[in-house]
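Q: Heads up: the sequence shown begins at -19 in the working numbering, then just goes up one per residue.
Wrong hints could be hidden among the right ones.
Here are the computed lysine to aspartate or glutamate pairs in the EDC-like style, where the Cα-Cα straight-line distance is at most 20 Å [said to hold, decoys possible]:
{"id": "1", "residue 1": "Lys113", "residue 2": "Glu130"}
{"id": "2", "residue 1": "Lys113", "residue 2": "Glu136"}
{"id": "3", "residue 1": "Lys113", "residue 2": "Glu129"}
Hints were generated in silico from the structure; no laboratory data involved.
Computed from a prediction, not measured in an experiment: that's the story for all the values here.
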Amino acid sequence: SGFAMLASSSVQEAQDLALIAHAATLETRVPFLHFFDGFRTSHEMATIDPLSDEDLRAMIADRLVHEHRARALSPTHPVLRGTAQDPDVFFQSREAANRFHEGVPAAVTAAMDRFAERTGRPYRLFDYVGHPKAERVMVMMGSGCGAAEEAVRRRERRLDARVRALPLERLDEPRLLAADVGAGAAVD
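Start from the sequences, fold in the hints, and give me the full structure.
A: Below, the structure is given as structure tokens:
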């Protein structure tokens, strides 16, 4: 799709990761789709630690905002984009965009680290739960991750099973997933 997807699974995460996504999209020039389980998150009664205006200013560099605005379409400096093209030219332009997408995981990690330093709320791209040498791996995104984590921990205690949940609560990045799951584990 060309979008990077960032998922939240609680009210606090929805606020926090919205700022992280915005910081990362300005840094990488890749649009982010930040989403959460709408019903659960919008109907949950939870107390959150709101971000201050100072937190927002610390996470968003003015230089990146100015660069973003300078690239915007405007009648004062028109630009031709999206003309008709043959498949070979289309794929050349898709390949040229790869350099932006390749930097997304590092930019999101850096934004998460800056956010943690500022607020004390750390986030990672992936959360691992369960046996380190799992034979089966469950991959999930969103609010179902909490229930899956509980099930994995219970099954591990009761059955001594080698299972692991990999809640993709953060960044949907297939190349990272393939490297992090590792060989020898079946992905469900």
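Q: Evaluate each hint against the coordinates.
A: Here is what the structure says about each hint:
no., hint, verdict
1, Lys113 to Glu130, "18 Å, holds"
2, Lys113 to Glu136, "12 Å, holds"
3, Lys113 to Glu129, "16 Å, holds"
Hint violations for this structure: none, all hints satisfied.
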